[in-house]
Amino acid sequence: MSSPPALSPYRYLILLSFSLLTLVNSWLWITWSPLEASLTELWGVSDDAVNQLSSVFMFSYVLFGLPGLYLLDRKGLKWGLRAGAVLTFLGACVRAGLASPASRPAFLAAYAGSGVAALGQLFTLAIPPLLSASWFGSDERAFATGCGVTANQVGTAVGLGLTPVLVPRIGLLGNFLVAQAVVCGAVMALVFAVVEDRPGVAPSKSAAGKAELREGGGGARFAGYLAVVRELLGRGSTRWLAVAYGLSTGVFYSFATFLSQLLPDWSPDLAGWLGLDIVLVGLFGALLGGWLLDKTRRFGSVSRYFFALSFLLTVMWTAAVYYDAPRAALFAIGGGLGFALTGVLSVTFEWIAEITYPTNESTTAGMLNVSAQLCGCVMIWIIEVLLADFSVTAAHLFLNASAFLALVIVVLVVPDDEYLREKAEAETRPSRLSEGSFDGGAEGAAVAEGGGESDTRRLLQGSPKLSQKGRESSDGRI
Numbered sequence: 001m002s003s004p005p006a007l008s009p010y011r012y013l014i015l016l017s018f019s020l021l022t023l024v025n026s027w028l029w030i031t032w033s034p035l036e037a038s039l040t041e042l043w044g045v046s047d048d049a050v051n052q053l054s055s056v057f058m059f060s061y062v063l064f065g066l067p068g069l070y071l072l073d074r075k076g077l078k079w080g081l082r083a084g085a086v087l088t089f090l091g092a093c094v095r096a097g098l099a100s101p102a103s104r105p106a107f108l109a110a111y112a113g114s115g116v117a118a119l120g121q122l123f124t125l126a127i128p129p130l131l132s133a134s135w136f137g138s139d140e141r142a143f144a145t146g147c148g149v150t151a152n153q154v155g156t157a158v159g160l161g162l163t164p165v166l167v168p169r170i171g172l173l174g175n176f177l178v179a180q181a182v183v184c185g186a187v188m189a190l191v192f193a194v195v196e197d198r199p200g201v202a203p204s205k206s207a208a209g210k211a212e213l214r215e216g217g218g219g220a221r222f223a224g225y226l227a228v229v230r231e232l233l234g235r236g237s238t239r240w241l242a243v244a245y246g247l248s249t250g251v252f253y254s255f256a257t258f259l260s261q262l263l264p265d266w267s268p269d270l271a272g273w274l275g276l277d278i279v280l281v282g283l284f285g286a287l288l289g290g291w292l293l294d295k296t297r298r299f300g301s302v303s304r305y306f307f308a309l310s311f312l313l314t315v316m317w318t319a320a321v322y323y324d325a326p327r328a329a330l331f332a333i334g335g336g337l338g339f340a341l342t343g344v345l346s347v348t349f350e351w352i353a354e355i356t357y358p359t360n361e362s363t364t365a366g367m368l369n370v371s372a373q374l375c376g377c378v379m380i381w382i383i384e385v386l387l388a389d390f391s392v393t394a395a396h397l398f399l400n401a402s403a404f405l406a407l408v409i410v411v412l413v414v415p416d417d418e419y420l421r422e423k424a425e426a427e428t429r430p431s432r433l434s435e436g437s438f439d440g441g442a443e444g445a446a447v448a449e450g451g452g453e454s455d456t457r458r459l460l461q462g463s464p465k466l467s468q469k470g471r472e473s474s475d476g477r478i
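Going by UniProt numbering, the first residue of the sequence shown is number 1, and it counts up by one from there.
Check the hints yourself; a few may be wrong.
[To be verified] Result set (DSSO-like, lysine-lysine): computed pairs, CA atoms no more than 30 Å apart in a straight line:
# : residue 1 : residue 2
1 : 78        : 423
2 : 423       : 295
3 : 423       : 75
In case anyone wonders, no lab produced these hints; they're calculated from the structure.
Note that this is a predicted model, so its numbers are computed, not measured.
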């Protein structure tokens, strides 16, 4: 007789380990932004060159996201987090060892180190829904995903808030970068010490029901993975949801990148505090969004509410800036905007996981992240042109239009697909997962009592997620 789902207390340590890893990686990403003026003088480079130290994170995900997601899908959670931790630590070490002298080669070293750390995010950004599905019960998955998203935002807040405090003058940059590397090394050690792919017993029926085939070699595996991605993009729900997510996240990236330029009458320090306000209040959006999903199970409705709130607050922000509203009002609206936009990040991860089950959660989250990075790059370039050749108002109107288009897509275009993971929770029988059976590469299946075909397998075979062609070509996990 199969064992019922059970929750491991170890799951919180796994979540903490990942949270610290994504926090320090985000910290490395945003480090240079508060020091831009000093760094241009130190290294003798332009403002745009310093901005590239952060932009390399977006470019890297667009260029290498698909191979990274394939490796994460093939190797599993444990391998992915270890790879992300090693790359983050190595990038921090390169920056600490070579980036502080006052010379152009130091800038190139900073760029190289940031590029290595950017490769580390290939194995961390898509982790939250995968980790929550692997370790957490069905009534706590969304909140766990929200915690993972929140940790990344905390890293941004730490970078924006603490960097100017810890580096009051640029001569202390070298010590600061060494301290960053030490922290990254400690987090890497924690990840290697505690992270595992999955608990011994599945935490939910849907987790138990994900049939896994043993890893096989050969180049056809990647071709099969591409077939799965093509099949997902061929579905209107996943394709358009990825577009809407990319537009909404692009709005968030644009505010983070151009906040000072969007508020030309504000001092850089005051704009920095507003940016910190947007990030910190946004943490509550991710957590509340996850909590609402766990309580209501209305994945599409809750997500649409967050998209609608994002658009409404973007319009309010534009009006407040145009009519020169009091700064307190802009702090309030900015905090609300961060709440809504960060909430979108968390709830959309869970929404797409529900409608694409039993696809690996890292694959669908990775699709959203690639869309976000690509839209972010394009939107940042457009806003640069609007600010240089037109006006601040034109840039704001473009952000309004982007948020409105994202809302239209999720309300009118994205269909209300069946929640396949919820259906699996209702229809499957619980089972024990064998050692290595979940996303680590070993075979696992939901075994029906008495040796008959399980309800789970019948459910997966009837799923509209993949065509027969996609299943045959994948030659392994999906």
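Tested hints:
Between the alpha carbons of residue 78 and residue 423 the distance comes to roughly 28 Å, so the proposed pair stays at or under 30 Å and holds. Annotation: proposed proximity of residue 423 to residue 295 holds, straight-line Cα distance about 16 Å (limit 30 Å). Taken as a hint, the residue 423 and residue 75 pair is honoured in the structure, with Cα atoms around 27 Å apart against an allowance of 30 Å.
The earlier numbered hints are all upheld by this structure, with none contradicted.
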